[in-house]
Amino acid sequence: MTRDELLQQLEVLHPDCFGWAMSCCDGDREEAGDVLHNAYATILDGRAQFNGRSSTRTWLLGVIRMTARAHRRRRMLRWLRWERPLGTTDSPDPSPDPAAAAEGSDERAQLIGALAKLPGRQRELLHLVFYQELSISEAADVLAISLGTARTHYERGKQRLRELLGAQRP
Amino acid sequence: MSQSDDKELADRFAAMRRAERAAAPAFANVRARAIRRRSLRAPLAIGLAAAVAAIVIGVLASRNRVEQAPVGIDLRAGSWTGPTDFLLDTPGHWMLRDLPEIASPSSMQFDTTSYRRTSS
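Residue numbers (the numbering used here), protein chains in the order written: chain X, 1 to 170; chain H, 1 to 120.
Careful: at least some of the hints might be erroneous.
As the list claims (entries may be wrong) - Below, in silico cross-link-like pairs of lysine-lysine (BS3-like), each with a Cα-Cα straight-line distance of 27 Å or less: (1) Lys117(X) x Lys158(X); (2) Lys7(H) x Lys117(X); (3) Lys158(X) x Lys7(H).
It should be emphasised that the hints constitute simulated quantities derived from the structure, not laboratory data.
All figures in this text were calculated on a predicted structure; none of them were measured in a lab.
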């Protein structure tokens, strides 16, 4: 794949990539932006190379996930070394930007709240399957886990999410 | 879990997807930021490599200078006594150091008159 083709693909997939970055960063919009730009820089530098073993979309989501994890590790190290400014909180800012907030509904807020209560692996799987519309097999590729493990997490996650959403319903 | 449950979840995720798509930063901005970072990376890496090379060369050069410098000790300036030198002091060692003097023949006085032959 040439560089121009790669850029074209990135542009097409960019909105979905942002959604995935948001999921990887627990809804922190600012952090998601940093992660996304780091992931694009990694790809443009050639440090992450597409080898054609999966679809471009799956590969790209995997790169973003790895970048988000590295970003989180760096942030944790900075926090341990007291390099953060006083007054900042560790919990991600769950509030979306004003435009998104205006468009957001109660149902969306409920879904975000319920997803936040799920274990990370289940949350990631549900996002990949329902939000990114990947198959469970593709989601397993992105998360680098076996298909059987992915199925288990998917079923458990779906059940737990359903319970949480049911409990939130008045 | 029924198909309708899945459908409900899918609808909720689709609503979230629509909202987040609308709020996503423009691709051009993110790309420009990534390229800017990439363009900063190369000069930074070159500068860092040059600094490291300069430090290494400096250290090696100073080490060579130290190794090649002549030892500035004047051995004639002082005397040194080894801590085990006393072991070399054997009994009568002075005899080995001083040569006994033999008097000159003129100063020798032999009493030749008192010489007697004791045996025939």
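Subject >> Earlier hints that do not hold, by number >> reply: Going through the list in order, the structure violates no hint and respects every one.
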